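Position chains B, C, D and E relative to chain A; hints supplied.
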Amino acid sequence: MSASAVVFYILSFFILAAGLLAVASRKIFRSAIWLLFSLTGIAGLYFWLQMEFIAAVQIVVYVGGIVVLIIFSIFLTQQSGKDLPAPVRSRAIFSVLAAGAGFMLTWLMIRRYGFHPVGQGTIDASVGNIGAQMLSTSEHGYVLPFEVISILLLAAMIGCIVIAIKTKPEDK
Amino acid sequence: MPNDAYIALIPLLPLAAFVVLGLFGRKSLLRLSGIIGTGAVLISTGLSLWTAYRYFAACLSDGACRLITPLKVTWLTFSPGLSIDLSVILDPISVMMIVVVSFVSLMVHVFSLGYMKGETRFGTYYAFLGLFTFSMLGLVLSGNIFEIYIFWELVGCSSFLLIGYYFDRPSAVAAAKKAFIVTRFADLGFLVGILILSFHAETLDFHTLIQRLTGPSPQLASITRASFLGISLLSWGLVLVFIGGAGKSALFPLHIWLPDAMEGPTPVSALIHAATMVVAGVYLVARLYPVYMFADPAVLRVVLYVGAFSALFAAIVACVQTDIKRVLAYSTMSQIGYMMFALGTFQAAGEENTLGYTASMFHLFTHAFFKALLFLCAGVIIHRVHSNEMKDMGGLRKLLPLTHGCFLIACLAIAGIPPFSGFFSKEEILLAAFHANKFVFAVGLFTSGLTAFYMFRLYFSVFWRRQSQDVGSHHGEAPLTMKIPLVILAAGAIFAGFVPFSRWVTYDGAPGKGQGIGGFAIAPVMLALLGMLLAGFFYQKESARPAKAAAALGGLYKFAYHKFYIDEVYSFITKKIIFNFIGRPAAWIDRNIVDGFMNLLAGVTARISARIKGFQSGRVQDYALYFFAGVAALAVLFIYIYT
Amino acid sequence: MNLSLLVLAPLITAVAVLFCRGLNRVRWVSLAGASVQLVLSFGLLALYWKERAAGNDAAMLFEYRHAWYLPLNIWYHIGVDGISVAMILLTAIVMEAAILVSWSIKTMSKEFFTLLLFLSAGAYGFFLSLDLFTLFFFLEVSVIPKFLLIGVWGSGKKEYSAMKLALMLTSGSALVFIGLLGLYYHTGGAGGPHTFDWVTISQMQFPAEVQRVFFPFLFAGFGIFTALFPFHTWVPDGHSSAPTAASMFLAGISMKLGGYGCLRVAVFLMPDAAREYSPLIILLATIAIVYGAFATMMQKDLKYINAYSSISHCGFILLGIGMLTRTAIAGAVMQMISHGLMTALFFAAIGMIYDRTHTRLVGRLGGLLKIMPFISTIFVIAGLCSLGLPGLSGFVAEITVFMGSWQHAGEMYRLATILACASIVITAVYILRATGQVIMGPVREPQYNGLADATWNEKLAGILLGAGIIAIGVAPFWLNDLLASGVGSIMDHAEKTSIIK
Amino acid sequence: MWAGFIFSLRQELIVTGIIFLLLFIKVGATEYKTAVILNLVNGLLLANFILGFIGCQDSILFSGMFHTNKLLVLEKNILNLGTLIISLQAYDWLKGHRQVLEFYLLLLATLVGFFFMISAGNLLMFYLGLELSTIPLAALSSFDLEKRQSSEAAMKFIMSSAFSSALLLFGISLLYGATGTLDFDTIGQRLDGSAFQLFAFILLLSGFAFKISVVPFHLWTADVYEGSPVTVSAYLSVISKGAVFFVFIQVLYTVFKPLAANWYRILVLLSILTMVTGNLFALRQDKLKRLLAFSSIAQSGFILAGITGSSRTGDASVIYFILVYIFSNLGAFGVVSLISAQTGKEGIDDYKGLYATNPLLSWVMAISLFSLAGIPPTAGFFGKFFLLMAGVGKGNYVFIGIAALNMVISLYYYLRVIKAIFMESQPEPIGKLTIPFLPNLAFLICVAGIIMTGLMGWVYDYIYSLSIGL
Amino acid sequence: MNQVPLSHILFVSTALFFIGMYGLFTRRNMITMLMSVELILNSVNINFIAFNKYLYPEKLEGVFFSLFIIAIAAAEAAVAIAIIINLYRNLRSIDVEDANEMKF
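Protein chains in written order, with our numbering: chain A, 1 to 172; chain B, 1 to 643; chain C, 1 to 501; chain D, 1 to 470; chain E, 1 to 104.
No wet-lab data here; the hints were simulated from the structure. Please note that the accuracy of each hint is not assured.
Simulated crosslink set (DSSO-like; lysine-lysine; CA at most 30 Å straight-line) [unchecked claim]:
| # | chain 1 | residue 1 | chain 2 | residue 2 |
| --- | --- | --- | --- | --- |
| 1 | B | Lys483 | B | Lys117 |
| 2 | C | Lys300 | B | Lys576 |
| 3 | D | Lys432 | C | Lys157 |
| 4 | E | Lys103 | D | Lys345 |
| 5 | B | Lys548 | B | Lys563 |
If we take Cβ atoms under 8 Å as the criterion, some of the chain B residues that face chain D in the derived model are [said to hold, decoys possible]:
| # | residue |
| --- | --- |
| 6 | Leu600 |
| 7 | Gly603 |
| 8 | Ala606 |
| 9 | Ile608 |
| 10 | Lys613 |
| 11 | Phe615 |
| 12 | Gln616 |
| 13 | Tyr626 |
| 14 | Phe627 |
| 15 | Gly630 |
| 16 | Leu634 |
| 17 | Ile639 |
| 18 | Tyr642 |
Quick caveat, the model's predicted, so the values are computed rather than measured. Virtual Cβ for every residue (Gly too), placed ideally from N, Cα, C.
This is chain A alone, in the form it adopts within the complex (with noise of 0.2 Å):
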């Protein structure tokens, strides 16, 4: 086994146990920062893969962003230090049963089927490649999603604000 290999299974070990307790921990801030810890490894696991580009997206918009947003929410609506209510357990033993036999399936499912690699050339996720392609109208090119991501970016934007913001008591 290479160390790139052993790299790879600890990162996976980690995201996942990670991942397994911020699902089960029962205090939310702890929850919070095993995701934290979670999705680092996962950006852990592309620069693994080489993909280095999405790698720091991942930290930027995960790390940077979502968890914090999660935490400044967290603080929100909720008095810290009290443990979340326990799952209601009729609930909880379906959960388990239906994420189980759904994991068996699924990966029944990925096992049988072999994956054959198609292409033979190597990746180029270099970020330079990716602007280019993200600007590109031609073949390959990404122009048409980016733009309409910028709506969806701008229609979140204005849909976060409506809701959340607090609007003055009407003249009463």
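Showing chains B, C, D and E alone in chain A's frame:
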């Protein structure tokens, strides 16, 4: 006889009267309605007599009476060959019948001018009378078996309307309903009989039907080959037709409507329930007589026994009734029984005997006169006394001399005392019976004695018994319009017997031999006299004798008085059995089971709907769980199971 | 003649009514519209006769086709034969009478008349349709007006009844729908497009197993409309809760849609299956006839009496159709028309009585003949027609059914015929009971004494329907002639395409 | 070239243009009158709708990411029309709302999302369009900010849709793994029907099924419809659902053609489940919005039945039905919206006696419900008829029999509403309401659409001429 | 990295997927539910990257897809949190069990 289409006018004139009076008789023509109705029937009667004259004259000149169809209009075609034609046929019995019907109807019309005077629904009354006269004339002139059924129903309906004329009397309504329903029940037999006969004969025309079912023909072969319960369909058909006739003619056990029908105005009883409609059954059998003769003798034996039994049964009941009209009603039933068993005498003894046919028709003819007379007399009496009960009467001979005389004539006629008309016809019937079946002959003989007894019981009770009586404030016996019909009918009752009937009216149209009665008449006449004497003994003066006799007879008397409880049996069957065990369950099943099932379906749907509401728990995590379960189920189902 | 006029006339009237102001104008416009329908349908009759007299012996006259949904080969295709002409005439007469007796509707009269006119448009369309899609369209059109008419202007447990009627009738349509689709997808066997066209389909032969599967759907579906046992339970509730005019229409026309559909679609297009299923049809029809009659005997409400008797009488229609003899089918059609007129008249009379006495319970009425002679007379005429008195249409129709049924020589068929015949006795019992109680006898309640007889419009309605009844009863031959060609072509078709026999 | 570009993209561009216009107003103007804005927006939407009709050319842009052809333009026009009607109907509600501009920004953003989704030529565009239409919609659900139910609905919606798009994405990723492409055309060529691909397909299907409320993926529907503002519910029920159906049928008929035998069976099962469940739940609802929610679930079942026909008739019938469904459902929702905005009443019992006070609204409601129930002469009849007719094309009569039976059940609850409106009464019925011009116009469009669409066969003919079959 | 077969990476992503799903099903706090969603989305991202890298390296489709997913996840999270906060204002709770006013 060419150019006989005018015969259609005979029934149509009363119909026109019905239409006019039905539309306008309630208000504008109220006063005139009697005149209009009577006028129409008068013309019809004239035409009938003229027709009869011409027809029988032709018979004489031809040597035999022929069947003439002056008019035939297709009314409704079912399939090739099977069509209801509105046709008019002339043969001896139909000609005889139009005379009887129109004549009696005329008498009743005239009589009613006085009798019904002042009624608020005078116009309606005449309208209904017109409808009845039309239907009855149509019935007797029918040349098509379905046509006869049509008029058969129509006379039933007009009978219903006239019985229920006093519609605000519950008893009248009940009687009308009863008459209609009982005859309807019998008509069912008639209808099925028609279906059977016409299907196999492939025609509805009487003439063709008779030809096909009496001679060698494929139709006859088919109907005799087909059988049900081991009896050929021909026999079934004939028996069923006979049941129809028996219902209309009030033969046992379908007679129960007739006494109640006396709820109608008395002239109506005279017309419908004595002289004309009730003999329709006899007429029907007579019309199909060749087929009856040709078919299994057992069929005519049924006719014979039913007729004889009805005659005897009704006579016995008549002896103990106290309502004057009911006595007459039972007497009618008894006389019709006579006519019917006369028809049944053919072949009953294994040899041909066609005298019965003529005798029956003859009796029908004479009976019409004296029975109508009796009823009209009863009408005068009731008009005067305002009661139907014999106990309210007595000693009326002074008060109503003309009526007394007419009534006596009629009683003598019905009792069969020579030379009154009833004598001739009755002797002929007894003669036919004597040749055919000794047992039935004995029954007939005994019944004729009973007839004399109960008629004179009535006669004495009404006109003698007490000294005299002062009833009502009227002066005079009755208006002229009521008297004239009495006199005319009385003449008929006396002289009708002298009509040379058997020369004209025979089953095959050929002139009959006219058998002499001679010494054979002694026994019946003696018996009749004995009955009269007995009646005189009991009822001529007020005495305790009747009561004693009744006490002596005990149960039998009570039994007869209650008409042998036939009504009760019927009411038990209808009210208790049919209503409770068929009608009520049917209605209940419909509401609770059939409809209940539909409601149950709705209920089950609602129940399921309520049961599954838990899926929509309102918890978003449940939703996600179900979502994933759905995906997993689909995956497992369609990847592993259905591939 | 442009047959679409018949559909358009009521629709235009309905729209016109919507723009009317004032009760009186609403009434008169509706009446005028109904009269136009009446004139049109009599005109149609005259033209039909003229055309036939001129020797035009096409199966369908005055055909008109217009592409509607071309990709699906759905056409607006109409035309008439004698049967349709008769049914259209019936509809026009009943509509006119229904409008006339609705004079007393004062609440939401505009809506009432609009819906009523809408109903009639549906009925005309149905009887005219030669395309099965169009036919189905018009069949369904009438569901909602019925629902509203019963639910809004009805009486008693009207909402329940309206709902039940709507649901059961829609179930019927659902069955019809499946049957129609089945037919549709089995047309075009020779490579041609699938079609709903009745004329085209009638020239095809469906394989026996196709017929076997889809015939029951069509027959039972249409049967529900015409009170096929055991799907008849909407009839008593629906009819008795409906306002007078709606009852008249429901029993007079709407139930006939079913009979017409059974005949025109189910039996005509799938004769082999019809023959195969005929024992079952006969069985159900006989049950309906006898059992309906017995159930009627026990009813206490006049409308229930007539509703149940309709079940029994409509049984004759199905019996006639099931017997599959020329005469029986002619009888069935006659019975449709006769029953349409008779039951409309009956409901009209009941409605008039109810308007005045505010009760329909037999036990609380009595002696009406003295107080309202006209209404009583039409009541009695309707009753007598119902029990099959000669001279009235009921007799003609029933007798024709009986004669035709008897021609089917199977023993069970014979038994069914006899039982059907027997029902005339039961009919007599319940009709006379009702008549005896309601019309005759002493006046039951003193307050009835001052009640008025029919008004002019009610009289007109009664006379119109009564005239129809008598016209058929006295002179049935014209109706018979009118129907002959249509019935004849049905039977010819049935004989020609028989492949099972 | 740019002209062609713009022309092909014009519907998207116009809507985007409106969005930016509104954004500028929002940013630039400090004082504005709500009514003016509403009139302006509705005018713009009308213009948008009309401009949608100006010709069309088939084109494939952005290396296959964006397709357009007559059918797609038609579908977008249908959505434009629906949006216009909804906007007109929202007048009353929006007039009292402070964030009108934001409302339209979000609404039109979702519309653009739908457009891109419909035109998508690959899974990425499809996914982006889907999300673009989902996320703002979640925000819109919450637009009755002070109402707890509204927030709850939004929460349920966003959670459910996040979950569903997660599954969808997982499916897409597997599909990508199996075929190596996101391009629709290429995927179709590389499908082999293996279990793995089937599994991926089912995951993908569940994403679609979620959006079109197919049982068992429908559970969010009723709660979200009930809690959201009526306008948003209406939008969800017709525009969102219609758009996803458009894409769904396109994807099934072209991309997943090789799996047709598989998805046919799946859809039959889901269709039956959906119809039955939707109807059974609708039977016992007392609130109109909830009833309409379940009814829309049941309608989805019927549409699925049409899709199973896999023929041109099927495609045409589905599109036709959605057009009809827009008219009918919006008619009903419009009335609910108006009454809810003016009185706050939304229960069926509140509608008792409505006819006496508001005959016009009652008739609009009645006609819409008849159309939903599939009663002629409304267009709903034709729509349902054609759907089931297409569905039975494969000879599965049992299936269509069940569908027909369900039409009867559905009639019951529609009639319940009619019954309440026309036949029942209550002591305090809803008073006489004034209907402003714009909602009135919307009702007119709906009713005219309901009545005319069915009777005029050319609408269907036109759709059929563009539609595709398997 | 070539010693690690694709399936092992897929194992990680699948496991993460179902871990996230388990969290979504059981966590009663809405924010933690949201966290679970993020886990799920990440698992999908891993899939895309791995497939792209291992199987179809000549185009960057997987990479781009995951980029867009990340962006959308952010937007979604933002809106979701806004909604949750708004709900919290109305409900004074972010326990998902409390948000079941509408049901049946």
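Hints, verified against the model:
no., hint, in the structure
1, Lys483(B) - Lys117(B), "holds (14 Å)"
2, Lys300(C) - Lys576(B), "holds (18 Å)"
3, Lys432(D) - Lys157(C), "holds (28 Å)"
4, Lys103(E) - Lys345(D), "holds (19 Å)"
5, Lys548(B) - Lys563(B), "holds (20 Å)"
6, Leu600, "violated (15 Å)"
7, Gly603, "violated (11 Å)"
8, Ala606, "holds (6 Å)"
9, Ile608, "holds (6 Å)"
10, Lys613, "holds (7 Å)"
11, Phe615, "holds (7 Å)"
12, Gln616, "holds (6 Å)"
13, Tyr626, "holds (5 Å)"
14, Phe627, "holds (5 Å)"
15, Gly630, "holds (4 Å)"
16, Leu634, "holds (5 Å)"
17, Ile639, "holds (5 Å)"
18, Tyr642, "holds (6 Å)"
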